[in-house]
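Trainee: Sequence:
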Amino acid sequence: MAATPASARDAKVVPFKVFVASLKSARAESFVGRTDARLQDAGAFAQMRAHLLGMYDGVSAARSFALDGQVFDCIPLMQQPSVRQLGLSGIATPPPTAPGDTASEDALPAAEKTVDAFGNPQQCAAGTIPMRRITLQELSRYRTLAEFFRKYPPGAMQDDSNGIDTSAHRWAHAYDFPFNWGGEAVHSVFRPAVMTRLSEVFSLSQQWYSGKFSGSPSQTAEVGWQVYPAKWGNLNPTVFIYWTRDDYKNSGCYNLDCAGFVQVSSRHPLGAALRPPGVVGGAQREEYFAYRLYQGGWWVAVGPTKAESVWVGYYPTKIYGRGQMYYYATEFDIGGETVGSGRWPGMGSGQWATRGFRYAAYDRNIQYRDSNNLLYAPRLTPVVNGANTHNCYAITTPSYTSSWLTNFYFGGPGGTKC
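Numbering (numbering that gives the first Met the number 0), first residue to last: 0 to 417.
It cannot be assumed that every hint is accurate.
Said to hold, decoys possible - In silico EDC-like cross-links for lysine to aspartate or glutamate, where the CA-CA straight-line distance does not exceed 16 Å: (1) K11 to D67; (2) K211 to D115; (3) K317 to D245; (4) K248 to E146; (5) K211 to D246; (6) K11 to E146.
For the record, the hints were derived by calculation from the structure and aren't laboratory data.
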């Protein structure tokens with residue numbers, strides 16, 4: 000489904016109270032059967048409506064603003080869904096900041112006072128967080144609520160037998176199996192074309208932290224950027240996080256779409272675009288992403304550089320039950336992934352990995368953490384997954400330099416013979 004132009008979506012920012020009232024009065028017949036909806040039936044609509052009413056029950060918004068064709072509401076920390084629905088009594092304390100490590104948000108310069116097209120400040124005050132507004136219109140693009148929560152669209156779930164579904168997924172990534180308490184890397188940011196009208200779905204660059212006991216489902220905490228028009232409603236590289244406790248089957252969601260992630264940053268709206276992206280052959284754009292398991296929470300940091308990054312929030316380990324990620328991760332994975340149906344989009348910059356700097360996408364300064372928060376270079380194994388993926392994507396052998404530490408290039412043009 001093609002993304003609606005921002006000018007059409009952002010006719011105005013509907014006040015938060017009016018938005019919630021519209022959820023309460025919404026009826027299935029207004030959505031089921033619409034040409035721009037994929038709702039399975041009235042029962043699926045009822046589940047979606049109940050989910051949103053639960054997400055926004057008792058929630059107030061100090062202000063709302065438009066950004067990248069979406070609406071963000073500034074809601075109090077303690078009113079966010081994960082705090083209420085997980086029964087948390089308070090917000091955890093972020094990891095301590097050390098010289099050269101992730102900066103605290105208070106230590107950064109004040110955010111630029113930007114406003115949207117309607118004069119609304121595009122930032123939230125301290126004590127509130129920017130929560131991307133989820134609408135029934137968005138949910139109606141999925142058949143069921145469970146489908147909305149999935150990282151992958153229908154038919155693109157991972158295969159239990161080997162973790163690879165070559166019918167939909169393509170990867171150019173690298174992995175290692177150290178016991179780890181998180182890690183970090185700097186990712187180049189580009190805007191690969193994803194043409195939904197041609198059955199291309201998404202293209203991303205990310206870090207996976209995963210773990211599993213022998214015979215148990217995989218559990219993950221993920222972070223990166225993604226071009227996913229049907230999800231984010233635009234064609235820009237967008238910051239995202241994701242989690243699952245049972246191999247993507249019945250748990251997990253993006254960002255704040257369900258109870259799981261507890262956001263603490265007032266300045267980093269998850270689901271917002273990274274702009275401007277890098278230019279092939281021209282100016283480059285980077286983004287630093289990191290995880291750290293600290294005092295019962297998988298904390299995620301985001302920023303244009305490590306020195307400018309902040310702790311955005313955390314996944315409480317309780318969401319993993321007593322699975323592997325409750326204790327630590329057993330795999331570190333990083334690189335690119337695409338999903339398509341008969342045709343796959345470009346990965347990274349859309350250029351072959353062998354084109355190198357300024358042309359190909361790259362990940363650099365790749366490290367994982369031990370239990371004492373010491374950083375180590377992983378021994379990465381590069382791999383390109385998919386039936387004929389080498390026709391479309393590639394990854395270089397990871398190397399090590401004093402300035403880029405462990406690094407590699409990856410990506411490719413995609414196409415129909417992947």
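Trainee: Has the given pair, K11 with E146, been kept, meaning a C-alpha gap of at most 16 Å?
Mentor: Violated, at roughly 29 Å.
Trainee: For K248 and E146, compute the direct alpha-carbon distance and say whether it is at most 16 Å.
Mentor: holds (10 Å)
Trainee: Take the C-alpha atoms of K11 and D67, compute the straight-line distance between them, and say whether it is at most 16 Å.
Mentor: Since the Cα atoms of K11 and D67 sit roughly 13 Å apart, the hinted pair holds (cutoff 16 Å).
Trainee: Given the hint that K211 pairs with D246, test it: the Cα-Cα distance must not exceed 16 Å.
Mentor: holds (9 Å)
Trainee: Given the proposed pairing of K211 with D115, does the C-alpha separation stay at or below 16 Å?
Mentor: violated (44 Å)
Trainee: What's the verdict on K317 and D245, does the C-alpha distance respect the 16 Å limit or exceed it?
Mentor: At roughly 14 Å apart (the allowed maximum being 16 Å), D245 and K317 satisfy the hint.
Hints 2 and 6, counting from the list given before, are not met by this structure.
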